[in-house]
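The primary structure of each chain is shown beneath.
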Amino acid sequence: MLRIRSLEAGYGNLKVLRRVSIHVSPGEIVTIIGANGAGKTTLLLTIAGLLRAQVGEILFDKQDIGRHAPETIALLGCALVPEGRQLFAPMTVRENLQLGAYVQIRRGRAHEVESDLGRVFDLFPRLRERASQLAGTLSGGEQQMLAIARALMARPKLIMMDEPSMGLAPLVVKDIFGIIRRLGSEGHTVLLVEQNAKAALRIANRGYVLENGRILLEENAEDLLANRDVQRAYLGRDLDSETELDGKRR
Amino acid sequence: MSLALLFQYLVAGITYGTIYAIVAIGFNIIYNATGIINFAQGEFVMLGGMIGVTLRALLPMPVAIAGAVIATMLVGALIEMLFIRWLRRPSVLRLIIITIGLSIAIRELALLLWGEGVRALPYFTGTAVTSLSVGDVHISPQVLWVLGISAVMVAALNFFFARTLLGRQMRACACNREAAQLCGISAKNMVTLSFVLSAGIGALAGCVISPITYVQYDSGSSLALKGFTVAILGGLGNSMAAVAAGLLLGTLESFSIWVMPAAYKDVIAISILLLILFVRPSGLFGNAEAARLKDY
Numbered sequence: 001m002l003r004i005r006s007l008e009a010g011y012g013n014l015k016v017l018r019r020v021s022i023h024v025s026p027g028e029i030v031t032i033i034g035a036n037g038a039g040k041t042t043l044l045l046t047i048a049g050l051l052r053a054q055v056g057e058i059l060f061d062k063q064d065i066g067r068h069a070p071e072t073i074a075l076l077g078c079a080l081v082p083e084g085r086q087l088f089a090p091m092t093v094r095e096n097l098q099l100g101a102y103v104q105i106r107r108g109r110a111h112e113v114e115s116d117l118g119r120v121f122d123l124f125p126r127l128r129e130r131a132s133q134l135a136g137t138l139s140g141g142e143q144q145m146l147a148i149a150r151a152l153m154a155r156p157k158l159i160m161m162d163e164p165s166m167g168l169a170p171l172v173v174k175d176i177f178g179i180i181r182r183l184g185s186e187g188h189t190v191l192l193v194e195q196n197a198k199a200a201l202r203i204a205n206r207g208y209v210l211e212n213g214r215i216l217l218e219e220n221a222e223d224l225l226a227n228r229d230v231q232r233a234y235l236g237r238d239l240d241s242e243t244e245l246d247g248k249r250r
Numbered sequence: 001m002s003l004a005l006l007f008q009y010l011v012a013g014i015t016y017g018t019i020y021a022i023v024a025i026g027f028n029i030i031y032n033a034t035g036i037i038n039f040a041q042g043e044f045v046m047l048g049g050m051i052g053v054t055l056r057a058l059l060p061m062p063v064a065i066a067g068a069v070i071a072t073m074l075v076g077a078l079i080e081m082l083f084i085r086w087l088r089r090p091s092v093l094r095l096i097i098i099t100i101g102l103s104i105a106i107r108e109l110a111l112l113l114w115g116e117g118v119r120a121l122p123y124f125t126g127t128a129v130t131s132l133s134v135g136d137v138h139i140s141p142q143v144l145w146v147l148g149i150s151a152v153m154v155a156a157l158n159f160f161f162a163r164t165l166l167g168r169q170m171r172a173c174a175c176n177r178e179a180a181q182l183c184g185i186s187a188k189n190m191v192t193l194s195f196v197l198s199a200g201i202g203a204l205a206g207c208v209i210s211p212i213t214y215v216q217y218d219s220g221s222s223l224a225l226k227g228f229t230v231a232i233l234g235g236l237g238n239s240m241a242a243v244a245a246g247l248l249l250g251t252l253e254s255f256s257i258w259v260m261p262a263a264y265k266d267v268i269a270i271s272i273l274l275l276i277l278f279v280r281p282s283g284l285f286g287n288a289e290a291a292r293l294k295d296y
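Keeping their order, the protein sequence lines are chains A and B. With this note's numbering, the residue at position 24 of the first sequence is 24, and numbering never jumps. With this note's numbering, the residue at position 35 of the second sequence is 35, and numbering never jumps.
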């Protein structure tokens, strides 16, 4: 589905990504974990075409999209749920979703949009209730749901999500991860970038560790969860106190 | 002053105010798409009038006007594609200076093409001396044409932005360019479209107003100044507020003749512009927060 080889990218003269190689197979949930500033967002923005790949190639469906415009990449079926949601705030929920379906119209599948809207509303009943409300007036969790729903309206082959849990209450975070897991089980291919590494690894099949713009590690999600270095660096807890804490909670 | 005279001034004010509002909406459409002020906006109005008058010599009036609008739209598209589209991440200042340069270039080209002569389309119905009388107030039928066509334009634009897919795409680009691109919308095409649209409404305004105000190679600059004042007064980017602000400026100008010589009419617009920029730069109807949420 997606294969990236020795990608280098960044902002102007500032090179953020250094020889990054990753791949995502159809039906997989792949997560990229890493500290702030490791280059996770830069990687997704480069795949989506909002940043230019300086070196290396990005193959999407065996096609090099490294020099494509973002709207072309979206049309090819690669969707990004951007960091901070980036909704069309002064427009209604329904209008946001209809704009999400714009690539479907470009593909000549305008007739499917209405039924897709129904499907998305089934997945997010809260959005159906608020269909004619302005996107900017939704709560944080609802906004994140709308951002995911907007991306789904494009019927993407690959859906990339940048920090979907950022700034949300713990209960809402749980909902969001539940939705991502459900998308995965329905056969969607997901590339997930998260600071909440533990939750991300729990729902993912595979994970990469990105540090200072380089891929350090690639393993199955369970192996990464069990990896002591990863636990110490990204799961934010000490191993010895772990059992104790868990014991107390129970 | 008699009541009839008061109404007479009011009608004149509303007529000019409507045209200012249309020019301001032209500013707003491009501002929302690009974040820049297109200082060649007044030239679109002038071109519309000039081309309309030229075509009128050969064609019936409605066809001449349609031709003028389409030709000016093409000019708008050409300007965007030649001077703006291919720039990579241009600064706002650079874009604004480009539009100032273009406005001067268009004005000089118009001088070469049409000379210094003052022209006008004939009155759409009747002649310069025809008037409809309501009591003691006399209204030229052309005033009704200006008001009517402007109202239709505003309504059509509202419909376009609120209901059509293309209009929604433009709004999406205005409020979040990158998110719009992620939805598969070509932001560059939307910018071109904004120039086309604003050239078109400018040109139409130029045609309907020309029997009253006449048109000359340099008549765009004063209209641009008024339109810009109105756009700022209403709050940049907000077209409905521009209509209110346009009527306000038009009426103020019109009544200013009461207290000072007509030659000082332009002082009103410039004073209001300075005052609003000092005191309330987000406009009468805008607030800083709403100004960041760009919408048409």
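Everything labelled a hint here was simulated from the structure, so no lab data went into it. It is possible that part of the hints are untrue.
Unchecked claim - Partial selection, computed: residues in chain B whose CB lies under 10 Å from chain A:
id	residue
1	G35
2	R168
3	N176
4	E178
5	A180
6	C183
7	I185
8	T192
9	R280
10	P281
What the hints assert, rightly or not - Ranges between beta-carbon positions, derived for each pair:
id	chain 1	residue 1	chain 2	residue 2	range
11	B	S91	A	G84	54 to 62 Å
12	A	G118	B	A77	32 to 40 Å
13	B	P122	A	E112	37 to 45 Å
14	B	S271	A	G37	32 to 40 Å
15	B	I104	A	G187	56 to 64 Å
16	A	R52	B	I104	20 to 28 Å
17	B	V279	A	G84	28 to 36 Å
18	A	E8	B	V279	48 to 56 Å
19	A	V55	B	G101	31 to 39 Å
20	B	S91	A	K15	17 to 25 Å
21	A	V55	B	L284	48 to 56 Å
22	B	R280	A	H111	47 to 55 Å
23	A	E8	B	R163	42 to 50 Å
Bear in mind the structure is a predicted one, so any value in this text is a computation, not a measurement. Backbone N, C-alpha and C fix where the C-beta goes; we use that ideal spot for every residue, glycine too.
Here is how each hint holds up against the structure:
no.: 1; hint: G35; result: violated (16 Å)
no.: 2; hint: R168; result: holds (6 Å)
no.: 3; hint: N176; result: holds (5 Å)
no.: 4; hint: E178; result: holds (6 Å)
no.: 5; hint: A180; result: holds (7 Å)
no.: 6; hint: C183; result: holds (5 Å)
no.: 7; hint: I185; result: holds (6 Å)
no.: 8; hint: T192; result: violated (14 Å)
no.: 9; hint: R280; result: violated (22 Å)
no.: 10; hint: P281; result: violated (21 Å)
no.: 11; hint: B:S91 x A:G84: 54 to 62 Å; result: violated (24 Å)
no.: 12; hint: A:G118 x B:A77: 32 to 40 Å; result: holds (39 Å)
no.: 13; hint: B:P122 x A:E112: 37 to 45 Å; result: violated (53 Å)
no.: 14; hint: B:S271 x A:G37: 32 to 40 Å; result: violated (51 Å)
no.: 15; hint: B:I104 x A:G187: 56 to 64 Å; result: holds (60 Å)
no.: 16; hint: A:R52 x B:I104: 20 to 28 Å; result: violated (35 Å)
no.: 17; hint: B:V279 x A:G84: 28 to 36 Å; result: holds (34 Å)
no.: 18; hint: A:E8 x B:V279: 48 to 56 Å; result: holds (50 Å)
no.: 19; hint: A:V55 x B:G101: 31 to 39 Å; result: holds (38 Å)
no.: 20; hint: B:S91 x A:K15: 17 to 25 Å; result: holds (23 Å)
no.: 21; hint: A:V55 x B:L284: 48 to 56 Å; result: holds (52 Å)
no.: 22; hint: B:R280 x A:H111: 47 to 55 Å; result: holds (49 Å)
no.: 23; hint: A:E8 x B:R163: 42 to 50 Å; result: holds (45 Å)
In summary, the structure is inconsistent with hints 1, 8, 9, 10, 11, 13, 14 and 16 from the numbered list given earlier, while agreeing with the others.
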